[in-house]
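Asks: So you can see what is in the structure, the chains are spelled out below.
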Amino acid sequence: MSAAEIGRGLRAGNFTSVEVTKHFLERIDHAGKQLNAFITVTPERAIADAARADARIARGEGGPLTGVPLAHKDIFCTEGVLTSCGSRMLSNFVAPYDATVVERLAAAGMVMLGKTNMDEFAMGSSNETSWYGPVRNPWDGTKVPGGSSGGSAAAVAARLAPVATGTDTGGSIRQPGALTGLTGFKPTYGRVSRYGMVAFASSLDQAGVLAQSAEDAALVLGAMAGHDARDSTSVAVPVPDYAAGLGRSMKGLRIGVIREFFGEGLEEGTGRAVRAALEGFSAMGATIVELSLPNLPLSVPTYYVVAPAECSSNLSRFDGVRFGHRCKDPRDLLDMYKRSRGEGFGAEVKRRIMTGTYVLSAGYYDAYYLKAQKVRSLINADFRRAFSEVDVLMGPTTPTPAFAIGAKVDDPITMYLNDIYTIGANLAGLPAVSVPCGLVEGLPVGLQIIGPHFAEERLLAAAHSWQLVTDWHRKLPPMFA
Amino acid sequence: MTLTRRDVEGIALLARLEISEQELPVYVESLSRIVGFIDQLSTATTEGVEPMAHPLEDQVQTLRDDQVTEVDHRDRYQGNAPLVAAGLYLVPKVIE
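As they're listed, the protein sequences go chains A and B. Just so you know, we're using the numbering used here here: the first sequence kicks off at 431 and counts up by one. Just so you know, we're using the numbering used here here: the second sequence kicks off at 110 and counts up by one.
Among the hints, erroneous ones may be present.
Pulled a few chain B residues facing chain A out of the computed Cβ check, cut under 10 angstroms [said to hold, decoys possible]:
(1) LEU140
(2) VAL144
(3) GLY145
(4) ILE147
(5) MET161
(6) HIS163
(7) HIS182
(8) LYS202
It is worth saying that the hints were derived from the structure and are not from the lab. For clarity, every value in this text was computed on a predicted model and none was experimentally measured. Built from N, CA and C at the ideal position, the CB exists for glycine as well.
Starting from the given sequences, assemble the full structure and let the hints guide the process.
Replies: Quick look at the structure:
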């Protein structure tokens, strides 16, 4: 059952939130360990939240999400609950306050089941960099679920939770969404508050949702979006009623197909499924034009300058003084910094901090960081030009379906190229969604839809229209059906 | 471009990261490859292009009234600290 269907059932009195919550807690208990999808499960709090939601519903209060359970990516601060960010560094960190996303979804009456596993500090595309171990893909336990929001994706795909939050810095919602058969939505930069969301790359990070359908994504996004005075980059643009806009027709929608997304490296079955989806939109009355974004192939190297630079700065706060891991018996202050950080961070996080330190260091700043910010302008201009001709852009979310656990861990560049189609939207701050559009040898693949700033409604309507004429989003992993 | 062992030791010190003898060659290799990869950026023509500072145009830094909005949560925050005494964070001695 989707989050929207659970909400309707609760309000119709078909079942209670406590019953629904217990059902999901039992599923987590049975399958959670096998998938390693959760870092922390919060059953007592969930039941208490659910009982409160039932009381609200009984009084005729609340909204479409009241009493509906969800899981939060362990990057969001949750007061009184471990917030580890998948890292040894924060494996003892009990957040002293709630992130705005957590606060808003709780205010909407949603019930927190627990905190999901993730790549350490959201740095990864396979959920293998987590200090808590890799997450398994519910469709095939030998495959990765994608990352960094891999625990959230696995949890929703295996229906251990009806919906989950995620964050997307370079594809971390859309890529795991594609690899697990979910609707993964990354909003416009600034649409959702980053307050209480552990920072990785602040000019790229954005919170979003991993859902079973566009309808669920619309409901949850609507509840979490909006201006927040505590995040100076959150934007004061009114939040439309996303669910109300789902019914828009695709007739006359101008779809741009990005030529650069169909080149070398795109796996054949994935390409075929995406092309079939484009024909589906054409059949619904949309017009399709092919266009080129010539600077887009530089998005991955641009990202691997900008994101590590911002990460090296953001993660300098982990110094073993105020919170987080501290090494044993430091000789002096320098030794304490070096060993606390050396022990607290995993290999990929250290690699990115060092990359960032290097590109920002004296003598290299102009050649790398400044250059990357200029190329970022070019990529942004490419998108702007495209959106003067079309309403949305479409292409694959990932070059291949899910790959084997361990297959790419020793080769950072190959791993980074997983995000070749998703990074552009982050660099330009654009909203984008991945929707299931087929199965290749039993593994899901995703269609990516990218829109101009604040075109969330248009993307959700397109995703919803697709889901009205297909049932890829209803397919369940055979082991969890 | 290839980084040397010395380069990586220097970067690690700047980043305040202890890197073991065994880990060092792994980072020399992978960071060299990453630097080689991002060197592709030099192929882009960027004369006269402004660096992009923010994804959204027309955004201004918002100001708020100069009023106290936060209450004191020192004890709660220090609950996460590795070592505190009398409300102070303790670190190894820095002045002899």
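Asks: Please go over all the hints and tell whether each is borne out by the structure.
Replies: Here's how the hints hold up against the structure:
{"no.": "1", "hint": "LEU140", "result": "holds, 6 angstroms"}
{"no.": "2", "hint": "VAL144", "result": "holds, 7 angstroms"}
{"no.": "3", "hint": "GLY145", "result": "holds, 9 angstroms"}
{"no.": "4", "hint": "ILE147", "result": "holds, 5 angstroms"}
{"no.": "5", "hint": "MET161", "result": "holds, 4 angstroms"}
{"no.": "6", "hint": "HIS163", "result": "holds, 7 angstroms"}
{"no.": "7", "hint": "HIS182", "result": "holds, 6 angstroms"}
{"no.": "8", "hint": "LYS202", "result": "holds, 8 angstroms"}
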